[in-house]
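Please construct the entire structure, taking both the sequences and the accompanying hints into account.
Using full-length UniProt numbering, the first residue of the sequence shown is number 1, and each one after it goes up by one.
No wet-lab data here; the hints were simulated from the structure.
Since we're looking at a predicted model, the values are computed, not measured.
Check the hints yourself; a few may be wrong.
[Stated by the list, open to error] Straight-line distance between alpha carbons at most 27 Å, and here's what the computed BS3-like set of lysine-lysine pairs gives:
| # | residue 1 | residue 2 |
| --- | --- | --- |
| 1 | K50 | K103 |
| 2 | K83 | K50 |
| 3 | K80 | K103 |
| 4 | K83 | K103 |
| 5 | K4 | K103 |
| 6 | K50 | K4 |
| 7 | K50 | K80 |
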Amino acid sequence: MLAKAERYTRLLLDADPIAGPAVYAQLARVRLMQGAYDESNSLFGEALVKNASYPGWPGEVRRIMEVEFTMGLGQAYYRKGDKSRGAALMEQAIDIAPTESLKAVMRAIRDDTLRPATAGLGLDWRPGLPGVWTAMGART
Numbered sequence: 001m002l003a004k005a006e007r008y009t010r011l012l013l014d015a016d017p018i019a020g021p022a023v024y025a026q027l028a029r030v031r032l033m034q035g036a037y038d039e040s041n042s043l044f045g046e047a048l049v050k051n052a053s054y055p056g057w058p059g060e061v062r063r064i065m066e067v068e069f070t071m072g073l074g075q076a077y078y079r080k081g082d083k084s085r086g087a088a089l090m091e092q093a094i095d096i097a098p099t100e101s102l103k104a105v106m107r108a109i110r111d112d113t114l115r116p117a118t119a120g121l122g123l124d125w126r127p128g129l130p131g132v133w134t135a136m137g138a139r140t
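Right, dumping it as structure tokens:
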């Protein structure tokens, strides 16, 4: 399923040379779940750059997207092994969140990234999406 998500997102990027930042972030999330941390970092970085001047949404949405992309970038660095940089970026995402409800969501994502809980499943589990765990070797 992740391979399909990657393929279709890449097709969209190829078809639309001025694709919005959300498309880059979507591919970054897929690559993060596939363990391609360097590419995920690069794509989240591109999403943040494009977000700064993207005309496709109003300023409030731009701020929310900046929070989400910064959190994703932090997760990618953290999972790559650069734990201090990753944790700092996740904290930054929480700090810049414009509402308390978004801050709460970002805290939950940060906490799940920093201290994943496998709920005693007894298998070698790894993080997929925030809050979603998959068995190693399972198709996601």
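Now the hints, each set against the structure:
{"no.": "1", "hint": "K50 with K103", "verdict": "23 Å, holds"}
{"no.": "2", "hint": "K83 with K50", "verdict": "25 Å, holds"}
{"no.": "3", "hint": "K80 with K103", "verdict": "24 Å, holds"}
{"no.": "4", "hint": "K83 with K103", "verdict": "21 Å, holds"}
{"no.": "5", "hint": "K4 with K103", "verdict": "32 Å, violated"}
{"no.": "6", "hint": "K50 with K4", "verdict": "24 Å, holds"}
{"no.": "7", "hint": "K50 with K80", "verdict": "23 Å, holds"}
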